[in-house]
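Peer 1: Okay, here's what each chain looks like letter by letter:
Number of protein chains: 2
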Amino acid sequence: MENLARIKNKTLTDKIIPAKEAAGLIQNGMVVAASGFTKSGDSKAVLLAFGERAQIDHSQITLITGASLGQDTDAKLAAANAISLRLPFQADATMRRHINSAQLLYIDENLGETAMHLKTGVFPAIDIAIIEAVCIHEDGSIVPTTSVGNSAVFVALAKKVIIEINTAVPEEIEGIHDIFLSGSYPEKAIIPITSVGQRIGTGSIPCDPEKIAGIVFTHKKDSPADIQPADNTTSKIAGYILDFLKNEVAAGRLTQSLLPIQAGIGKVANAVLQGFANSDFEHLTMYSEVLQDSAFDLFDAGKLDFASGSSITVSEACYQRVFDNLERYKDKILLRPQDITNSAEVISRLGTIAINTALECDIYGNINSSHIAGTHIMNGIGGSADFAQNSYISIFVTESTCKGGTISRIVPMVSHVDHSEHDVDIVVTEQGLADLRGLAPRQKAEAIIKNCVHPDYREMLAGYYAEACERGGQTPHVLEKAFDWYKNLRTTGTMQRQPVLTEIPGTN
Amino acid sequence: MENLARIKNKTLTDKIIPAKEAAGLIQNGMVVAASGFTKSGDSKAVLLAFGERAQIDHSQITLITGASLGQDTDAKLAAANAISLRLPFQADATMRRHINSAQLLYIDENLGETAMHLKTGVFPAIDIAIIEAVCIHEDGSIVPTTSVGNSAVFVALAKKVIIEINTAVPEEIEGIHDIFLSGSYPEKAIIPITSVGQRIGTGSIPCDPEKIAGIVFTHKKDSPADIQPADNTTSKIAGYILDFLKNEVAAGRLTQSLLPIQAGIGKVANAVLQGFANSDFEHLTMYSEVLQDSAFDLFDAGKLDFASGSSITVSEACYQRVFDNLERYKDKILLRPQDITNSAEVISRLGTIAINTALECDIYGNINSSHIAGTHIMNGIGGSADFAQNSYISIFVTESTCKGGTISRIVPMVSHVDHSEHDVDIVVTEQGLADLRGLAPRQKAEAIIKNCVHPDYREMLAGYYAEACERGGQTPHVLEKAFDWYKNLRTTGTMQRQPVLTEIPGTN
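Residue numbers (this note's numbering), protein chains in the order written: chain A, 1019 to 1526; chain B, 1019 to 1526.
Hints were generated in silico from the structure; no laboratory data involved. There are no misleading hints in this set.
Because identical chains cannot be distinguished in the list, a pair is counted as satisfied if it fits within a single copy or across any two copies.
Straight-line Cα separation of at most 20 Å, SDA-like style, residue types lysine to any residue; simulated pairs:
no. : residue 1 : residue 2
1   : Lys-1206  : Gly-1270
2   : Lys-1177  : Leu-1030
3   : Lys-1499  : Thr-1509
4   : Lys-1177  : Pro-1142
5   : Lys-1137  : Thr-1212
6   : Lys-1505  : Ile-1390
7   : Lys-1505  : Arg-1489
8   : Lys-1505  : Cys-1487
9   : Lys-1137  : Gly-1270
10  : Lys-1468  : Phe-1262
11  : Lys-1206  : Arg-1217
12  : Lys-1137  : Gly-1456
13  : Lys-1206  : Gln-1274
14  : Lys-1264  : Tyr-1203
Produce the entire structure from the sequences given, and follow the hints as far as they go.
Peer 2: Here is the structure:
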């Protein structure tokens, strides 16, 4: 009964079916688009039911989502060999292995661009959309749960829609969503956001009731975010960023409330946001993709005025706190489609301060966010380029080394470029911060070698740079030695023994 | 007398001074911002007079412009060692040598971003702006000549302004400029352009008359553009692009009038635009940086309805034709500030089709636009990233080889990344076109090897890719061999002899 009350259009109640039956609508070769953004608001029944079936009948689909899924769905689908093509993002270890061994194709793309690529027909047409919802309105429109992601465009474009009504999410969440469809070329609309808290759309996703092919009930929380506590390294990085921002305020380039903050997922970003709680900054705002525990901590500390994102992805404890105190947060949050949260237009207009994590960084400030040793994908580019390219200040953070110091994350030349030096303003490691703004490439190299590299690698890196400078150029390199550190790692298990160095005369 | 009529505010006439005296206002160490975009609308007297003085007194300045300058100004200033820092773009052979030998610092940056970097204080404050104009209004506002570039923000921020009134440009040009200042964070405004021909600003650049420190008269045409005629190679590339666009129309993804076209400078872009004249496309529009001869040819062919850009950069013959027939073109052209022509916001809203030139491209579609062999800069990134990142379709063109076939422009891994695979949709050489949209990296590699590489290098490239695939990964590479082709070139004078190949078992 309580369940039925979530379907306001009573003609739709005869579409209630079990998950297994809904999964039966998914046929081999179909393109399936499913809600879900960083483990939040994802399909919790139908995709998994399809995965079980695929183990038997070997069906394969193209799976498009907002971003990563929870519930181990990507792992189970990959293990069942049920995916032929996956996009635009995943963050699962099993699926990663299948991608890197070419058992499934993966299009890792800028999270703000998938909606446009779907609308313009770059990707094949969507057969079925699966959308998690708290309720369905009289007009068929769907109120999403803890994420919006690409759900609005999925519903608009799909031939059929399956709705998973999740009764574990209280109906009171209705009101935090802001659904805006920007239209298609040549009639793409202005996205009129001029402040973080501005509502521009509707509270639910428009859906033709005729399209609804099945309604499934679930009662299951989102998979919790893994929140790693701040440690010595992340606290140092956070400290450098906070000091940098204080200096920007002192120099008159920012006010005490800064500009809207975007923070990627990860323990460093989390540590930075936690640092704001004990800072002098006030009336902060966020224009980000994911609202994590730290956002709610900042609300409670009275530091954060408003947060716009595409999902709420929090720990189990924070999940409970948010839903037990929705009235406290509800008027301070908007969840929007990811082509709005990540739109170049809005990010460049608001002047976002973007904080994202690098896998590695080179002496000129080029960033690798996605590929281990240039070849094996970790997760994907996600929204990092959407923000790095268009923000007022683009900050990348990374520890200076990893794997017990055998790998330097600051290298002569990154093995894969996700963000060119033009889109990177600040690089921070636990060693220090390099402010690359207004510098020419050789000046950037000097700043990064001086401030960011681990002492164990500083001499090696300075040696490489010195040899490169002897060759000349705007961006000096010794191409045939640029990747020697990876060769060392491959053959000796560490980047540290660098035989090239002994051959360099007259450096350091 | 005719000259004086161009100064509508008569109190300003006592500021008329010779160029040499105006150059005297430029002191050693100053930051000078000068009009000029792709050789158009540049300072034709004061900068050159400063360069002559600098030969004697060894003064050095930071020089900021819109883009490249004409009149050999960059060459003369570099030769006089009169520049310590140059930004955001240059295209001169002498200056290039000085940059690559680190005799002067060069910040090569996205042309749409300089205005924001200046407003936010990333670059040092502008001491003097030098702006070419056709006239000065009663209120002090300045009507530019054949380019707008960064002139509006230069005037807004400079402590003093020197105006060069160029009487070689007819006053009738007034009306083609659309000056819009988008404001500063946190009050940056919506840029309300929703169609190419929409005027959103004023016809002149606001200027406080008190700031005007000198007015210099000149009478000199812009340096003409070098228009290289279409040849067999460029015609083939143009043909592939036109066929691709026809297919997009046939597939219903574009209409017969396409979407606004952006074309970089160069003979390939020129050949493509010429190809439109004899095509079935109609009511075309351009939202570009530079309006070249081909734009005016398309107007005359009745194919082009409107062109928005930041400069008119044409051959000597076309220059004459434009000014002799201004009434024919005037209501079909708008020249805007480069942070408007190149704004992510407007480009992504209009859905531009961008056609830019690559120096080299790798098997995954990463593009190098700026650095020869990864180290020595050619010109710079220019506006290519502004358009590639935000366009509906981002096309890169290049010949498959150069230097008599000793260099392949399609390589295993580009030696410098200006545009990552995420911002590259189509790659075209005279060998063919690779449509990379909706493809995973391995599929991109297959498409590029099949369609774009020169036959002399196809087997080598396929061999590299096959060996890379044996290593696995989402983006297979053999890092220690990725730059072997450059090593060959360096040691043997050609990329063609690739000793690695003979070691690969079982490929091709």
